[in-house]
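Student: One-letter residues, chain by chain:
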Amino acid sequence: MATQIGLDRVRALMARATGDEKHEESSTSTLDALWVLYDRVLRTTPSEPRDESRDRFILSKGHGPTAYYAVLAEKGFFPEALLDGFLESGNPLGSHPDRNQVPGVEASTGSLGHGLALGVGTALAIRAKRLRDQRVIVLCGDAELNEGSNWEAIMLAAHLGLSNLTLLVIDNHSSSIAMGPWEAKLSAFGWSAVVVDGHDQAALEEALSFRTVGPNAVVADIPEGEW
Amino acid sequence: MTDMRAQLARTATDLVVTDDRVAVVLAEISVDRFRGAIDAAPDRVINVGIMEQALVGVGAGFAMEGFHTIVHTMAPFLVERPFEQVKLDFGYQGLGGTLASVGAPYDYGTEGGTHHSPGDVGVMLTVPGAEVLVPGCAEEVDALLRRTYANGRLTYLRTSVSQNDEAFDVASGRLEVVRRGSRATVVAIGPVLTRTLAACEGLDVTVLYTPSVAPFDAAGLAANVGVDPLIIAVEPFYQGTLVPVLAEALRHVPARFASVGVPRRFITSYGTLEKHDRELGMDPPGIRRRILAALDEAA
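Chains as they are written, first to last, in this note's numbering: chain X, 1 to 227; chain C, 228 to 526.
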């Protein structure tokens with residue numbers, strides 16, 4: 001019940017951030033997964049967003065960030081009032097997140113296909129720091145995975161055995177080219193992969209909490225029209 | 228004489244050993260030269276294979292976690308192929324790191340135009356805040372890498388096969404006055420100094436030297452030009468790349484500019500570095516011929 005109340009609050013916060021309606025479906029299709037991550041999976045300290053012991057999350061696609069901003073605001077990374085000034089000059093909340101302006105944002109993204117390689121580097125870095133429990137979770141869209149740079153990173157992460165790296169794909173079926181079958185494709189690259197209902201929070205939590213010996217992927221399926 | 232590439236590996240390896248916040252990311256190129264670094268710190272010296280977008284992105288990921296990252300491969304595959312990763316992952320995110328290249332402008336002369344990169348410096352100058360350093364010899368590679376690797380800025384460090392006979396103290400970043408004259412001020416960048424001095428034999432010109440294209444010592448240039456100055460850049464990259472930098476440095480002074488650089492055309496022939504230098508007017512006789520033309524034109 002508490003988490004449902006929290007999610008309802010996030011939806012209300014999202015409604016305050018207007019002006020990026022062209023990316024509304026991109027945003028709403030990430031909502032359940034983002035909420036599960038920040039409410040039940042990621043270990044973060046909103047008052048110290050760069051605390052070393054945190055788990056790292058990268059919104060690789062960058063597009064449609066209002067759900068992301070609303071979740072961060074609900075969790076206390078920055079004042080909710082900033083959402084009222086979304087996209088306005090002088091407000092740090094733009095249509096693509098900026099790590100140097102928004103507390104809690106790990107990477108400045110928006111140009112598609114950058115976040116997963118950044119995530120691989122981050123996973124290597126926290127491994128080099130001997131931070132054994134910390135995780136890196138990178139969210140990509142299904143169409144974003146058209147970008148070849150992602151497949152470089154996917155190949156590399158498996159080669160390096162990055163068990164601290166999780167790829168969360170929001171498959172809202174926006175890709176013009178067929179991307180599936182996800183499990184077979186990602187498994188062929190050496191990843192563990194599972195497809196879950198992108199609105200099933202229990203399934204998302206279970207899948208996102210699961211640790212594997214190498215990199216793993218969770219594909220959150222959002223059928224067309226159910227964004 | 229130690230070559231710049233060997234020095235780069237040697238200095239970077241030393242930094243890996245002495246500073247546990249140094250990470251090196253490679254893309255197959257020079258892996259054998261970094262074997263000692265890999266053995267010393269396998270978790271911080273990573274060979275990603277032949278994937279240059281990942282090369283730069285992974286380097287930036289290390290930098291996001293506070294590491295001083297040295298990213299290395301051949302110039303066209305470090306700067307031009309993954310340029311958006313350079314621009315955004317490092318530049319836009321405000322992350323420090325060293326992009327250390329080999330091969331520019333056409334060191335791999337027999338490999339053809341796919342392996343040439345005379346445009347790398349011009350490309351890197353479009354990244355706001357980036358340092359662009361073109362050392363003239365191995366000693367300068369060592370000094371510049373040690374000076375910049377942890378300074379929090381994005382630095383492009385361009386090593387090459389050609390070297391000068393003499394190393395300069397490059398720590399200050401100031402233009403070095405190598406010789407004085409009155410008809411023009413020749414600014415030699417990086418490894419073309421020795422041949423520029425040979426080209427200027429008997430000519431009444433000042434010769435200045437720097438490996439630092441950005442930041443550029445504007446005050447040093449202004450202090451070493453006369454009235455109605457003619458500035459001639461000798462630049463081991465595309466001709467004219469340096470002119471906007473020089474013009475900005477002398478924006479309060481009426482001045483004329485000329486450039487002796489790599490002609491702006493694709494190099495479609497094969498051969499040694501020396502052969503390319505000769506055909507492109509970048510050997511001592513060619514540089515002299517082009518400087519004399521600039522002097523005649525200005526007379």
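These are computed hints drawn from the structure, not numbers from a lab.
Since this is a predicted model, take the numbers as computed values, not measurements.
One thing to keep in mind: the hints can contain errors.
[What the hints assert, rightly or not] Quick partial rundown of chain C residues pointing at chain X, CB under 8 Å, derived from the structure:
{"#": "1", "residue": "Leu-242"}
{"#": "2", "residue": "Asp-246"}
{"#": "3", "residue": "Ala-250"}
{"#": "4", "residue": "Asp-266"}
{"#": "5", "residue": "Ile-273"}
{"#": "6", "residue": "Val-275"}
{"#": "7", "residue": "Phe-294"}
[As the list claims (entries may be wrong)] A few chain X residues that don't get close to chain C, going by computed Cβ distances all over 10 Å:
{"#": "8", "residue": "Gly-85"}
{"#": "9", "residue": "Leu-87"}
{"#": "10", "residue": "Arg-99"}
{"#": "11", "residue": "Asn-100"}
{"#": "12", "residue": "Glu-152"}
{"#": "13", "residue": "Leu-156"}
{"#": "14", "residue": "Ile-177"}
{"#": "15", "residue": "Gly-190"}
{"#": "16", "residue": "Asp-200"}
Backbone N, C-alpha and C fix where the C-beta goes; we use that ideal spot for every residue, glycine too.
Student: All the hints need checking, so say for each whether the structure fits it.
Tutor: Hints, verified against the model:
no., hint, in the structure
1, Leu-242, "15 Å, violated"
2, Asp-246, "13 Å, violated"
3, Ala-250, "7 Å, holds"
4, Asp-266, "15 Å, violated"
5, Ile-273, "6 Å, holds"
6, Val-275, "5 Å, holds"
7, Phe-294, "6 Å, holds"
8, Gly-85, "22 Å, holds"
9, Leu-87, "18 Å, holds"
10, Arg-99, "6 Å, violated"
11, Asn-100, "6 Å, violated"
12, Glu-152, "4 Å, violated"
13, Leu-156, "5 Å, violated"
14, Ile-177, "19 Å, holds"
15, Gly-190, "14 Å, holds"
16, Asp-200, "31 Å, holds"
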